[in-house]
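Visitor: Protein sequence lines correspond, in order, to chains U and Z. The working numbering puts the first sequence at residues 2 to 344. The working numbering puts the second sequence at residues 2 to 344.
To be clear, the hints were calculated from the coordinates, so they are not data collected in a lab. Bear in mind the structure is a predicted one, so any value in this text is a computation, not a measurement. Any given hint might turn out to be false.
The list treats identical chains as one, so a pair stands whether inside a single copy or across any two.
Taking lysine-lysine and the DSSO-like style, the derived pairs with C-alpha atoms no more than 30 Å apart in a straight line are [to be verified]:
id: 1; residue 1: K216; residue 2: K260
id: 2; residue 1: K216; residue 2: K148
id: 3; residue 1: K260; residue 2: K148
id: 4; residue 1: K27; residue 2: K44
id: 5; residue 1: K148; residue 2: K259
id: 6; residue 1: K44; residue 2: K260
id: 7; residue 1: K121; residue 2: K216
id: 8; residue 1: K223; residue 2: K259
id: 9; residue 1: K27; residue 2: K216
id: 10; residue 1: K121; residue 2: K27
id: 11; residue 1: K27; residue 2: K259
id: 12; residue 1: K223; residue 2: K121
id: 13; residue 1: K223; residue 2: K148
id: 14; residue 1: K223; residue 2: K44
id: 15; residue 1: K259; residue 2: K44
id: 16; residue 1: K223; residue 2: K260
2 protein chains.
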Amino acid sequence: MGYNVAIVGATGVVGQELLTLFEQRKFPVDQLKLLASARSAGKTMEYGGRSIVIEEATAEAFTGVDIAFFAAGGSVSAALAPAAAEQGTVVIDNTSHFRLEPDVPLVIPEVNPDDLTWHKGIIANPNCSTIIMAVVLAPIHQAAGLKRVVTSTYQAVSGAGAAAMTELDRQVREYLDGVQPTAQVLPVASLPRHYQIAFNLIPQIDVFQEGGYTKEEWKMVKETRKILHLPELAITATTVRVPVFRCHSLSVNIETEKKLTVSEVRELLANSPGISVIDDPETQSYPMPAVLSGSDDVYVGRIREDNSVTSGLNLWIVADQIRKGAALNSLQIAEELIRRGLL
Amino acid sequence: MGYNVAIVGATGVVGQELLTLFEQRKFPVDQLKLLASARSAGKTMEYGGRSIVIEEATAEAFTGVDIAFFAAGGSVSAALAPAAAEQGTVVIDNTSHFRLEPDVPLVIPEVNPDDLTWHKGIIANPNCSTIIMAVVLAPIHQAAGLKRVVTSTYQAVSGAGAAAMTELDRQVREYLDGVQPTAQVLPVASLPRHYQIAFNLIPQIDVFQEGGYTKEEWKMVKETRKILHLPELAITATTVRVPVFRCHSLSVNIETEKKLTVSEVRELLANSPGISVIDDPETQSYPMPAVLSGSDDVYVGRIREDNSVTSGLNLWIVADQIRKGAALNSLQIAEELIRRGLL
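Turn these sequences into a full structure, and let the hints guide you.
Guide: Okay, here's the thing in structure tokens:
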């Protein structure tokens, strides 16, 4: 027995990853609809050994669909997700559009699966960096109480989609040809100024908002508070794009109510769902993005006590943000809905 | 009237940058000795339109030398700097060897020039990331009192010398040729395990020491305390190597005693020596390493109030660590010595 499934934004980085994961995790797909913009409609994509014709994403396309994964941008979700939900499709939305709506659960299955019980047709998948951080913050909060979180991120270009990956690749070739690299996509395609990412760092992800913080930084603050049910959590973020293709990395400084030793943190995290600890200075073992691309877990290393406060920790966290940060987390939401009989 | 000057480690990245800076800043060089290992002795380097034969660095080579810049590694400084100082040469040492010795001043001319007055022949040039951060922390401390500092760094490969720059370049070519990149230098050439830096991040700079912190991280903690004369300063660091050729970047979170607004910080830093503010979200203006390579100042942007504490700030800092982080700061020490009649 399977489900009728739709992917909106099937041709994008997250959409393609979802198809891979359906097969790897044997997700019970009965009929599969691949939806995209009118531009892609009529093209075909491979799934399970057969060709599927891409259809245009319209409100009518969801008839008979049990579950729809939206990964085509906020405006598409805004336009189509409510209509899909209204006629009975459960929407798992990978965009930021509904994440902070009070009647939309924002879910990481390892962290707050119970929030799935009150969904009203739309479930939001959190921001990629937020997922990666919150998976680690949750067990630490449970064990020692979070007091304050300061994070600086090192985010891969794939977080900005396939065009940004192509841009990094092209710029590296231009550099080797002795040509000034050209930039059209990063930091934000729709903004006037674009900067080289090859051999560079861009301390802007998404548009600027209040207080000089970017939207990405606000997502990390507000979504973490919502997921952890800690609306007053003291948390601040600086998000930076780095010339890495895939896997986001985060330096996270945490103050807790109760003091935790390094060995307590290692044991706690190693026994927490969705987390692997790679942390041995002796053998120079720590998580690195180029090594972990395509993996499912959130990897934690460089675990240190921070003695600049009474109970402080420094962590280095790496995860494939297309997997755990997007496609995998969305699929895990669907799996959890099935497990709970909510689909 | 000029000075007899020696550079120990003339063929290295910092040594070569010193030669460029001597000319650019019209440093009053009378005779110039270029010293290096026996391997390089006999080769020539260009300076001021003429060829200079490189001599082997020995204790005897400093006879008649007024000022010697050491940039050939800690063991060379350990072996030769005391002998040079004993016979009257003022040593400006770019290595970490003497930095934490109580009778060796550790100086950033914009921050603690008065420490030059008590030098005993050896003056230490601080760690590159430390210089870049301390130049910015000093005026903030003076204006508002530092309470706690949390930094995460994004450090260029040139901080590990010319071999690391060559390695990044080679790995990028291997990647484009479809070959698995080979690694021999980073994170630490003398340690057993080496990792790809192209399209990757290595969260290890220098060897591991107590508490799971790297030597680079301890340098940032201990040297900052010494330079700022704040032996108890609450400060913690996570240092990370990134695939950038030149210019270190730092995300710095600062807690102060007194609250500062963003406009107060902008004005304060813009009026502080050695600092340029590039900070306008409206025009997407912020410091980036690829743009600032070869510049002299420490650049600050992304200035934000951090409301996760009573008086908090987030800053993004970029500077050319071969210039201000090493060669330029060393030369500025020499210039300050001359200005004060201490040479």
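Visitor: Hints first: check each against the structure and report whether it holds.
Guide: Hint-by-hint comparison with the structure:
For a Cα distance limit of 30 Å, the shortest separation of K216 from K260 across copies, 25 Å, qualifies, whereas the shortest one inside one copy, 32 Å, does not. Taking the shortest alpha-carbon separations for K216 and K148, both the intra-copy value of 23 Å and the inter-copy value of 28 Å come in at or below 30 Å. Taking the shortest alpha-carbon separations for K260 and K148, both the intra-copy value of 11 Å and the inter-copy value of 20 Å come in at or below 30 Å. With identical chains, the CA atoms of K27 and K44 are at most 30 Å apart within one copy only, with a shortest distance of 25 Å there and 66 Å across copies.
For the homomeric pair K148 and K259, the shortest alpha-carbon distances inside one copy (9 Å) and between copies (21 Å) are both at most 30 Å. Proximity of K44 and K260 under a CA criterion of 30 Å is satisfied in neither setting, with 57 Å inside one chain copy and 58 Å between copies. Within a single copy, K121 and K216 get their C-alpha atoms as close as 26 Å, which meets the 30 Å cut-off; across copies the closest is 52 Å, which misses it. When the C-alpha separation of K223 and K259 is checked against a cutoff of 30 Å, the pair qualifies both within a copy, at 24 Å, and between copies, at 26 Å.
Taking the shortest Cα distances, K27 and K216 never come within 30 Å of each other, neither inside one copy (35 Å) nor across copies (47 Å). With identical chains, the CA atoms of K121 and K27 are at most 30 Å apart within one copy only, with a shortest distance of 26 Å there and 72 Å across copies. In the homo-oligomer, the alpha carbons of K27 and K259 never lie at most 30 Å apart, since the shortest distance is 42 Å inside one protomer and 57 Å across protomers. For a Cα distance limit of 30 Å, the shortest separation of K223 from K121 inside one copy, 21 Å, qualifies, whereas the shortest one across copies, 54 Å, does not.
When the C-alpha separation of K223 and K148 is checked against a cutoff of 30 Å, the pair qualifies both within a copy, at 16 Å, and between copies, at 26 Å. Proximity of K223 and K44 under a CA criterion of 30 Å is satisfied in neither setting, with 38 Å inside one chain copy and 61 Å between copies. Taking the shortest Cα distances, K259 and K44 never come within 30 Å of each other, neither inside one copy (56 Å) nor across copies (61 Å). Taking the shortest alpha-carbon separations for K223 and K260, both the intra-copy value of 26 Å and the inter-copy value of 24 Å come in at or below 30 Å.
The structure fails hints 6, 9, 11, 14, 15 (numbered hints given earlier, in ascending order).
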